[in-house]
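Chemist: Residue numbers (our numbering), protein chains in the order written: chain A, 1 to 408; chain B, 409 to 575.
Derived by calculation from the structure, the hints in this document are not laboratory data. Worth double-checking, as some hints may not be accurate.
[What the hints assert, rightly or not] To be clear about the criterion: a stretch of chain B counts as covered by chain A if any three or more of its residues have a C-beta under 8 Å from a C-beta of chain A, and this derived list gives those stretches:
#1 427 to 439
#2 471 to 479
[As the list claims (entries may be wrong)] Here are a few chain A residues that sit away from chain B, every Cβ distance over 10 Å (derived from the structure):
#3 Pro54
#4 Leu57
#5 Val73
#6 Thr74
#7 Met135
#8 Phe200
#9 Val214
#10 Pro286
#11 Pro289
#12 Arg376
#13 Gln407
Glycine included, every Cβ here is placed at the ideal spot set by N, Cα and C.
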Amino acid sequence: MNELAAQHPLVIVVLPKVVILLFVMLTALAYLTWFERKVVAHIQARWGPYRVGPHGLLQPLADGVKFLFKEDVTPAGADKFAYFLAPFLALSLAITSIAVIPFGPKGLTMFGQPTPTGITNLNIGLLILFAITSMGVYGVALAGWSSNSKYPLLGGLRSSAQMISYELALTMSVVGVILMAGTFNLSEIVTAQQDFYFGFVPRWNLIGSPMPQVLGFLLFFVAAVAETNRAPFDLAEAESELVAGFHTEYSSFKFAMFFMAEYASMITVSCLATILFFGGWLSPFPQTPLFAWSHFIPAAAFAAAGLALIVHGVRYLTVFGRIVLPVLGAALCGVGVLCGQPGVIEFIQGPFWFLLKIAVFLFIYVWVRGTLPRFRYDQLMNFGWKVLLPLSIVNVVVTSLLIVLTQR
Amino acid sequence: MITPQIAIFLVLAAVAVAGAVSLILQRHPIHSALSLIVVMVALAGLYLLQGAEFVAAVQIIVYAGAIMVLFIFVIMLLNAGEEERTNASRLARFVGVPLAVVFLAEVAFWIGRATSQLGPGPPEAVSTRDLSALLFREYVFPFELTSFLILIALLGALVLARREESD
Numbered sequence: 001m002n003e004l005a006a007q008h009p010l011v012i013v014v015l016p017k018v019v020i021l022l023f024v025m026l027t028a029l030a031y032l033t034w035f036e037r038k039v040v041a042h043i044q045a046r047w048g049p050y051r052v053g054p055h056g057l058l059q060p061l062a063d064g065v066k067f068l069f070k071e072d073v074t075p076a077g078a079d080k081f082a083y084f085l086a087p088f089l090a091l092s093l094a095i096t097s098i099a100v101i102p103f104g105p106k107g108l109t110m111f112g113q114p115t116p117t118g119i120t121n122l123n124i125g126l127l128i129l130f131a132i133t134s135m136g137v138y139g140v141a142l143a144g145w146s147s148n149s150k151y152p153l154l155g156g157l158r159s160s161a162q163m164i165s166y167e168l169a170l171t172m173s174v175v176g177v178i179l180m181a182g183t184f185n186l187s188e189i190v191t192a193q194q195d196f197y198f199g200f201v202p203r204w205n206l207i208g209s210p211m212p213q214v215l216g217f218l219l220f221f222v223a224a225v226a227e228t229n230r231a232p233f234d235l236a237e238a239e240s241e242l243v244a245g246f247h248t249e250y251s252s253f254k255f256a257m258f259f260m261a262e263y264a265s266m267i268t269v270s271c272l273a274t275i276l277f278f279g280g281w282l283s284p285f286p287q288t289p290l291f292a293w294s295h296f297i298p299a300a301a302f303a304a305a306g307l308a309l310i311v312h313g314v315r316y317l318t319v320f321g322r323i324v325l326p327v328l329g330a331a332l333c334g335v336g337v338l339c340g341q342p343g344v345i346e347f348i349q350g351p352f353w354f355l356l357k358i359a360v361f362l363f364i365y366v367w368v369r370g371t372l373p374r375f376r377y378d379q380l381m382n383f384g385w386k387v388l389l390p391l392s393i394v395n396v397v398v399t400s401l402l403i404v405l406t407q408r
Numbered sequence: 409m410i411t412p413q414i415a416i417f418l419v420l421a422a423v424a425v426a427g428a429v430s431l432i433l434q435r436h437p438i439h440s441a442l443s444l445i446v447v448m449v450a451l452a453g454l455y456l457l458q459g460a461e462f463v464a465a466v467q468i469i470v471y472a473g474a475i476m477v478l479f480i481f482v483i484m485l486l487n488a489g490e491e492e493r494t495n496a497s498r499l500a501r502f503v504g505v506p507l508a509v510v511f512l513a514e515v516a517f518w519i520g521r522a523t524s525q526l527g528p529g530p531p532e533a534v535s536t537r538d539l540s541a542l543l544f545r546e547y548v549f550p551f552e553l554t555s556f557l558i559l560i561a562l563l564g565a566l567v568l569a570r571r572e573e574s575d
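Modelling step: build the complete structure from the supplied sequences, incorporating the hints.
Modeler: This is how it looks when you write it as C-alpha cells:
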C-alpha cells in the first residue's frame, strides 16, 4: 500500500482527503441551516425547528429530501444554458475555496506519505481564495439575468454592483496582514502569529506588532458580510422589494444549491478571518510547561458537552429524543476520551481551536443577521466606496509606514 | 511522449481556442462574454503551468473576476438582445478570407521559427517576491507610468460620461 501511495500520491492520498472534506463540508452546510434557524429563532424569542427529530436535529435531512423531490421549474423564455450553469457555478466555486484552507500545523502521514492538514498548501493560497471569490459573482449575475424575469434581473444587477464594490475593500483590508507576514501562503501567515506578548498574550494579527490590525479586521469582516450577500447587506434578495432577488425563479435543488453556496462562502470567510486575524489553528495558550493543562481542553470540552447532552437527553419530551440525545452525548464523550489519548492529543489541538474560532464567527454572522436592519441601496454603495475603501487604504499606508520604521 | 505537463497544456490550449472560437460564433452578447471568461481562465491555467503563480492568480482576479464582471454587468444593464446575423458581404468573402489565411500562416511560420530557437523555460516557480522586486526596483518607471496612463484614461472616461449626462 505504501509503495502504491508513493507512486500515485494524487489518487491514494489526496483523493480520500477531498472526499472526506467534501462530506464534512456538505454535512456542515446542512447543519449550518439548522444552526442559523435556531439562533435567529432564539434572538426573536421563538423556538425554531422543533418537530423533526429532537430539537429539530433531523430538519436539514427533511429539507434536503423535500428539495430533491420538488418539481424543477424552468421559466418560459429563460436562457437555458445560463439558467442551468448559474447554480452549479455558485456552489462549485464556493465549495472549491475550502481546498486551500489549512486546518492544522503539522502534516498528516497517510500510507507513509506526508501531506498537509487540509487538501493543499499553496504559495498563493490567499490569492486563490480571492480569485474564487471574485468569480463567485457570476453565479448570482447569471441567475438574475437568465431567469427572464424582472425581479431576478434587478437582484442580479444589484448584487453584481455590490460585489464589485466590496471586493476592493475586502482585498485592500488584508494587505496589512500580508505586509506583516510577508507571504500569501495561509500556513505561513498563521505561523507568523505564534509569538506571545509577556509570555501569555497571543500575538495574533488582530493585536500584532508593529500595527494592530483591528481596523483591518473590522473592514474585512464588514466587506466579507457584504461579499457573501448576507444581511444586513442582502440587497440582492431583499424580500420586501425584490420577492427573493436573483433566485426568485429557481426551485427544487437548484434553489438549494444557491442556499448551500451562501453557507459555504460563510464558512470560507470565517476560516479566512480566523487565519488572517485570529491566529488560525494556534491555541490561545503558550506551549510552555506552565500551560500544559491547556492540551486537555479539547478532550474536556467534548466530554463536558457529551455529559450535558446525556443529562438533558434523558429528560427530553419524546421517546425518540430520550434515545437519540443520550446516544449522541455518549458519542461526544467517546470523542472526548479519544482526544485525551497520547498521539491524538497533539494532533487535535490545531483543528480544535480552528473549528472553535470558525464557530464563533459563524455565530456572529447569524447574530448580525438576527439583529441589524437591511441597508438601503444608496447607503450601501456610499458606505462601500466612501467609508470602507478609504479606510482600508489608510490602513495599508499606516501599516507599511510602521513596518518600514520599525525595521530600521 | 506525453508527459502530464504536455497533456494539461493540450487540454488547456484546446479549451482556450474553443472558447475563443465560441466567443466569435455566439449570437448573444452574454454567451460571448462567458466564452471570453473561459478563455481567460484557461490562460490562467497555462500561466500556472509555466510556474507563474502570481500572474495566474492576478489573471483570474483582474480579468476574469473584475473586468468581465463589468462587461456582463453592462450587458445586463442595457439588456442587449441577440444579434442579427447578416450574410457575409462579398468583400469579406473574396478579400477577407484569403487575407485571414495569409495572416494565420504568417503567425504560424514566425511562431514555429521562434520556438525552435527557444531555450528551456524557467527552472522553477517565479516567486511573488522576485516579481515584485523586479517590478518596483528595475521597472518602477514604466510601471508607474502605466498606472498613471490608466488613471488618465479613467478620468477621461468619467469626463465624457458626465458631459453626455448634462446635455
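Chemist: Does each hint hold? Answer for all of them.
Modeler: Do the hints match the structure? See the list:
1. 427 to 439: Answer holds; 3 residues pass the 8 Å Cβ test.
2. 471 to 479: Held - the segment 471 to 479 of chain B has 5 residues with a Cβ nearer than 8 Å to chain A, which meets the minimum of three.
3. Pro54: holds, 44 Å
4. Leu57: With a cut-off of 10 Å, leucine 57 of chain A remains clear of chain B, as the shortest Cβ separation is near 39 Å.
5. Val73: For valine 73 of chain A, whose nearest Cβ neighbour in chain B is about 22 Å away, the distance exceeds 10 Å, so it holds.
6. Thr74: holds, 17 Å
7. Met135: violated, 5 Å
8. Phe200: For phenylalanine 200 of chain A, whose nearest Cβ neighbour in chain B is about 33 Å away, the distance exceeds 10 Å, so it holds.
9. Val214: Valine 214 of chain A is indeed farther than 10 Å from all Cβ atoms of chain B, at 26 Å.
10. Pro286: holds, 31 Å
11. Pro289: holds, 38 Å
12. Arg376: holds, 20 Å
13. Gln407: Since the minimum Cβ distance to chain B is about 16 Å, glutamine 407 of chain A lies beyond 10 Å and the statement holds.
In terms of the numbered hints stated before, the structure departs from hint 7 and from no other.
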